[in-house]
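Trainee: Using the sequences plus the hints, can you model the full thing?
The sequence shown begins at 1 in UniProt numbering and counts up by one.
In short, the hints are calculated from the structure, not lab data.
On a predicted model such as this, the values are computed, not experimentally measured, just so you know.
Think of the CB as a built atom: it goes at the ideal place given N, C-alpha and C, for glycine as much as any other residue.
Treat the hints with care, since some could be wrong.
Derived Cβ-Cβ restraints for the label pairs, each shown as a range [unchecked claim]:
#, residue 1, residue 2, range
1, ARG321, GLU418, 22 to 28 Å
2, LYS488, ASP712, 55 to 61 Å
3, ASP546, ASN695, 55 to 61 Å
No farther apart than 30 Å at their CA atoms in a straight line, the calculated lysine-lysine pairs in the DSS-like style are these [to be verified]:
#, residue 1, residue 2
4, LYS155, LYS218
5, LYS733, LYS655
6, LYS479, LYS457
7, LYS655, LYS590
8, LYS707, LYS479
9, LYS842, LYS831
10, LYS750, LYS655
11, LYS155, LYS31
12, LYS707, LYS833
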Amino acid sequence: MNNLSRLLKPTSITVIGASTQKMRAGNIVMKNLLQGGFEGAIMPVTPKYNAVCGVLAYPDIDSLPIVPDVAILCTNAQRNIEIFTQLANKGVKSVIVISSDMVDISSTGEPIQDLCVAIARRSGMRVLGPNSLGIILPWLNFNASFSPVSAQKGKIAFISQSAAMCTTILDWANDKNIGFSAFISLGNSVDIDFADLLDHLSTDTHTEAILLYVDSIKDARRFMSAARSASRNRRILVLKSGRTAEGRKAAQAHTGGSDTLDIIYDSAIRRTGMLRVQNSHELFAAVETLTHSVPLRGERLAIITNGGGPAIMAVDTLLERGGKLAELDEYTVDKLNALLPSSWSHSNPIDMVGDAGAQRYIDTLNTIMDSDCADAILIMHSPSAIAHSELTAAAIVEAIKSHPRSRRFNILTNWSGELTARPARAIFTDFGIPTYRTAESAVVAFMHLVEYRRNQKQLMETPTTAELVHINELESAKKWIGDQLLDKNTVSLDTHQIRSFLKHFNFNVLPTWIASDASEAVHVASEIGYPVAVKLRSPDIAHKSDVQGVMLNLRTSTEVANAAQAILDRSQLSYPSARIHGLLVQGMAKVAGGEELRIKVKYDETFGPVILLGQGGSEWNEALDAASALPPLNMALARYLIVRAIKSEKIRLQKLPEPINIDGLSEILVRISQMVVDCPQVHELDIHPLLANGNEFTILDADLVLKAYHGDAQHRLAIRPYPIELEETLRLKDDSDVLLRPILPEDEPKHADFIHAVSKDDLYKRFFAEVGEFNHEALAKLTQIDYDREMAFVAVDTTHADGQIIGVSRALINHDNTDAEFAILIRSDLKGKGLGKILMNKIIDYCQNKGTKRMSGMTMPTNRGMLMLAQSVGFSIDIHFEDGTADMVLVLQPN
Numbered sequence: 001m002n003n004l005s006r007l008l009k010p011t012s013i014t015v016i017g018a019s020t021q022k023m024r025a026g027n028i029v030m031k032n033l034l035q036g037g038f039e040g041a042i043m044p045v046t047p048k049y050n051a052v053c054g055v056l057a058y059p060d061i062d063s064l065p066i067v068p069d070v071a072i073l074c075t076n077a078q079r080n081i082e083i084f085t086q087l088a089n090k091g092v093k094s095v096i097v098i099s100s101d102m103v104d105i106s107s108t109g110e111p112i113q114d115l116c117v118a119i120a121r122r123s124g125m126r127v128l129g130p131n132s133l134g135i136i137l138p139w140l141n142f143n144a145s146f147s148p149v150s151a152q153k154g155k156i157a158f159i160s161q162s163a164a165m166c167t168t169i170l171d172w173a174n175d176k177n178i179g180f181s182a183f184i185s186l187g188n189s190v191d192i193d194f195a196d197l198l199d200h201l202s203t204d205t206h207t208e209a210i211l212l213y214v215d216s217i218k219d220a221r222r223f224m225s226a227a228r229s230a231s232r233n234r235r236i237l238v239l240k241s242g243r244t245a246e247g248r249k250a251a252q253a254h255t256g257g258s259d260t261l262d263i264i265y266d267s268a269i270r271r272t273g274m275l276r277v278q279n280s281h282e283l284f285a286a287v288e289t290l291t292h293s294v295p296l297r298g299e300r301l302a303i304i305t306n307g308g309g310p311a312i313m314a315v316d317t318l319l320e321r322g323g324k325l326a327e328l329d330e331y332t333v334d335k336l337n338a339l340l341p342s343s344w345s346h347s348n349p350i351d352m353v354g355d356a357g358a359q360r361y362i363d364t365l366n367t368i369m370d371s372d373c374a375d376a377i378l379i380m381h382s383p384s385a386i387a388h389s390e391l392t393a394a395a396i397v398e399a400i401k402s403h404p405r406s407r408r409f410n411i412l413t414n415w416s417g418e419l420t421a422r423p424a425r426a427i428f429t430d431f432g433i434p435t436y437r438t439a440e441s442a443v444v445a446f447m448h449l450v451e452y453r454r455n456q457k458q459l460m461e462t463p464t465t466a467e468l469v470h471i472n473e474l475e476s477a478k479k480w481i482g483d484q485l486l487d488k489n490t491v492s493l494d495t496h497q498i499r500s501f502l503k504h505f506n507f508n509v510l511p512t513w514i515a516s517d518a519s520e521a522v523h524v525a526s527e528i529g530y531p532v533a534v535k536l537r538s539p540d541i542a543h544k545s546d547v548q549g550v551m552l553n554l555r556t557s558t559e560v561a562n563a564a565q566a567i568l569d570r571s572q573l574s575y576p577s578a579r580i581h582g583l584l585v586q587g588m589a590k591v592a593g594g595e596e597l598r599i600k601v602k603y604d605e606t607f608g609p610v611i612l613l614g615q616g617g618s619e620w621n622e623a624l625d626a627a628s629a630l631p632p633l634n635m636a637l638a639r640y641l642i643v644r645a646i647k648s649e650k651i652r653l654q655k656l657p658e659p660i661n662i663d664g665l666s667e668i669l670v671r672i673s674q675m676v677v678d679c680p681q682v683h684e685l686d687i688h689p690l691l692a693n694g695n696e697f698t699i700l701d702a703d704l705v706l707k708a709y710h711g712d713a714q715h716r717l718a719i720r721p722y723p724i725e726l727e728e729t730l731r732l733k734d735d736s737d738v739l740l741r742p743i744l745p746e747d748e749p750k751h752a753d754f755i756h757a758v759s760k761d762d763l764y765k766r767f768f769a770e771v772g773e774f775n776h777e778a779l780a781k782l783t784q785i786d787y788d789r790e791m792a793f794v795a796v797d798t799t800h801a802d803g804q805i806i807g808v809s810r811a812l813i814n815h816d817n818t819d820a821e822f823a824i825l826i827r828s829d830l831k832g833k834g835l836g837k838i839l840m841n842k843i844i845d846y847c848q849n850k851g852t853k854r855m856s857g858m859t860m861p862t863n864r865g866m867l868m869l870a871q872s873v874g875f876s877i878d879i880h881f882e883d884g885t886a887d888m889v890l891v892l893q894p895n
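Mentor: Here it is, written out as structure tokens:
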């Protein structure tokens, strides 16, 4: 049920429940379709009227003369079960449901919505909604919506779970003369969701950018895969509501979903290379920026202004959001000295002084565009008697038009004021230069471009390799988990109990002993030596701080005895029904000169396991005091998490003699990620704290919750991890062994070496063009793949110490798993050893097991080796000599 071509490229539509009564949905939709100028068939269905809006009506669905591509239901939900049945019998494949009451219970006791979806699934029908405003496709003049406002043609697609946001954005966009390639209201998205639409719109020729308004995500794996794929081809912005606990409750009531922390959504959006905006005002600004901007070359912003105050506010906003102020070089300063009054600022921001006229603006702007000291330029104007608002704007537009290097810069403008500034802003808008009412909003819009660029760089960054946990240690850890869960579904364990488990992952854990009472605590303390820490041990008291359950730096037996008894007394007094399992006694760690961090693994209903990082403390609120990341993590992703936690002050670094080793902490996070991926029973792990002392990391306290898990462990993860189960070693014809395994992001340097070892002729046959040097971006796309929807197997020569890549087979699987485009490339000097057939069979087996319906590929008629190999494994060959191509197709799942 993934084909959306009929919905997004319709040639006919039927309006069920069409009406002649004004303000009824069936009347508004008919008028929108007719006024939009849709050239396809429009067929109203109603038994009440012979015609609606001048169009001949049909009494029922059966009487329609053709099968429509789309049916839009403007009917009461109680009728929709019968209507869905009739549409399915007619063969309709796309349905838009306006009704908001589909959650009502039917006469059979089941929700109407569930029954309608079941009918749709049986017949292969796609459903948009319910509670949808409809869909507008301006390039097709197709307005099948309940909206009072239409959309102009443009290059931005908008997808929203909120109908109210749709009409608000449309009204604003029309005022700004901004158009759209598609405008889609998802409603409750019982079937068609963000992932489906991202897959289609990311290849749409009319779409350059995509905006999403998100209340909640239901299928995180599909969303992450589709978003990551789409963000490589299109700029994607996300406005996510529900940042607070109350907001999340409201979002759940609106479109369902789980109570997922906002920081988790934030990390998911970053991980896919999309950009998040925080509110509708930012979204409007971002739309304007995206509509007119060119890709950033860098992040340095130059500011040209006729007023110091607004420029200072712009600088404050820029630096608060992590932006970079361009530094003027000596040559540029000298040139500006010759053009500007001596009282100009002599630095960036370039304050030209309040009497700056249009010519001074032009001279300054040309000077900056002549230089290489900036990547973007913000031109600011405060109302002035000298520089007429409109005339200055027109002069700047002409200067930008005529300057040969203007396309090298992102140029934004801030024309402050209302009556006098509005016509000037219209001049910039008409010319395609983003313009803003305030200095702050202009800078925020610029930072959207910067943050998007950073997210894209993160998506393409080549990670380094962390030391993986040895397979024997991993098996021992799994056996330990099995022993703990023997005959139990859930078990909660503390530091003393999980020390051996953590050791399997090479974590340093402070030794811990158990004492049943105060006298035993004194005995343990005298054995391990003073000073010591004594801590409460109770599965029913989540926060030891509630009863002052942690006493530190106890230096004598008397102090230990008094502290231990006091802890036990306070616990029994405050929590009389709590189970008290005695006390934990630890030697005091060397806290001086160290940083205490908190790392937590928790299970989220939408995104599965997540890793949280922060400072910790007794008042720790994970929603506010942590940064999050989704496993699996590699060293690059772990480092990004740490840097983000520091920049957002979730970790407030102290000035220490030996600062935290970021690489060492990254490796800790990668090993925790490996634990999460390989041990699905780890439901929650709370390390509080991890003591970071330069290069040393010690776990002082930790709690672990294990839950029995059945099924495929990978299914619970939002991002499919490296499929180690697909690794295998095979023998070539010359009796040498090769390791066949999925490609890794870390393979980028090896993959570059491999391509260098392939002849130009073989590369030409593979890529149908002369191939030069592969840059980092091209290599990243080849090595950083989404294992959920594409696969590349590399053949690794294990006789070399560095494990050289000698062959690659690939399958790029379309989003509905109907076709996999395959390709095979072998090092030119290693042909004839049977490697090609091994790689071909490996990729065929993979696609077969995934349920892909067919494999297809293209080569040249002169590539006899490839054609013979394809024929030998069952591909049908179709050669087109006139085009110089040969198509290869293998059916894997016969209909």
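Trainee: Hints first: check each against the structure and report whether it holds.
Mentor: Hints, verified against the model:
1. A beta carbon spacing of about 26 Å between ARG321 and GLU418 agrees with the range 22 to 28 Å that was offered as a hint.
2. Taking 55 to 61 Å as the suggested C-beta distance range, the pair LYS488 and ASP712 does not conform, at roughly 22 Å.
3. In this structure, ASP546 and ASN695 break the distance hint of 55 to 61 Å, their C-beta atoms being roughly 35 Å apart.
4. About 27 Å separates the Cα atoms of LYS155 and LYS218, which keeps this hinted pair within 30 Å; it holds.
5. With a CA separation close to 61 Å, the supplied pair LYS733 and LYS655 exceeds the 30 Å bound.
6. For the hint pairing LYS479 with LYS457, the CA-to-CA distance comes to about 40 Å; that exceeds 30 Å, so the pair is violated.
7. In summary, the hint linking LYS655 to LYS590 is supported, as the alpha carbons are separated by about 16 Å, within the 30 Å threshold.
8. In summary, the hint linking LYS707 to LYS479 is supported, as the alpha carbons are separated by about 14 Å, within the 30 Å threshold.
9. With a C-alpha separation of about 17 Å, the suggested pair LYS842 and LYS831 falls inside the 30 Å cut-off, and the hint holds.
10. Only pairs whose Cα atoms come within 30 Å are accepted, and LYS750 paired with LYS655 is rejected, the gap being roughly 40 Å.
11. Proximity of LYS155 to LYS31 is assessed by CA-CA distance (about 25 Å); at most 30 Å being required, the pair is judged to hold.
12. Using a Cα cut-off of 30 Å, the hinted pair LYS707 and LYS833 is violated, with the two alpha carbons roughly 49 Å apart.
Consistency note: the structure conflicts with the earlier hints numbered 2, 3, 5, 6, 10 and 12.
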